Structure formats: C-alpha cells, structure tokens
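Each residue of the sequence shown is one higher than the last, beginning at 1 in our numbering.
The hints are simulated quantities; they were obtained by calculation from the structure and are not laboratory data. Treat the hints loosely; a few may be bogus.
To be verified - Here are the simulated BS3-like pairs of lysine-lysine, each with C-alpha atoms no more than 27 Å apart in a straight line:
1. Lys19 - Lys61
2. Lys3 - Lys19
3. Lys38 - Lys3
Bear in mind that the values here come from a model prediction, so they are computed numbers and not experimental data.
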Amino acid sequence: MRKIALYLDTSVISFALSKDISDDYRNITLKLIKEINKGRCEGYISDVVIRELGNTRDEVKRENL
C-alpha cells in the first residue's frame with residue numbers, strides 16, 4: 001500500500017512548539033509528526049519552510065524546530 005505524502009507548511013511545524021495555541025492543536029500536530037517518524041506517512045517541507053524556520057527570532061525555539 002502506498003503511503004500518504006503530506007506537505008507540511010511552516011505553521012504546522014511551529015504548532016509543535018508553540019505556547020500560543022491550544023493543547024489540542026499541539027497534540028494533534030505532535031501525533032502527526034510521530035506518525036511520520038514511524039513511517040506510516042511521508043512528510044515533506046520546502047526550501048521556503050526551512051528558510052522561514054531558520055528566521056525564527058527565538059533562538060531556543062529555532063534550534064528545536
């Protein structure tokens with residue numbers, strides 16, 4: 001069976017570490033990332049997302065992204 005391929009934009013990645021969103025959004029995002037890490041689906045990001053994450057002002061958050 002073919003795996004689902006998901007394009008993740010910057011906001012999806014940021015939800016994993018954001019303190020400004022609800023726990024529900026953060027937990028759903030973390031669950032999605034775990035599914036990708038387990039190989040159940042494929043996650044993709046673009047060069048634009050990588051650049052935007054690299055421009056995050058909060059140094060600790062940037063390193064964790």
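Evaluation of the provided hints:
no. : hint          : verdict
1   : Lys19 - Lys61 : holds, 11 Å
2   : Lys3 - Lys19  : violated, 31 Å
3   : Lys38 - Lys3  : holds, 12 Å
Violated hints amount to a single one, hint 2; each of the other numbered hints is respected by the structure.
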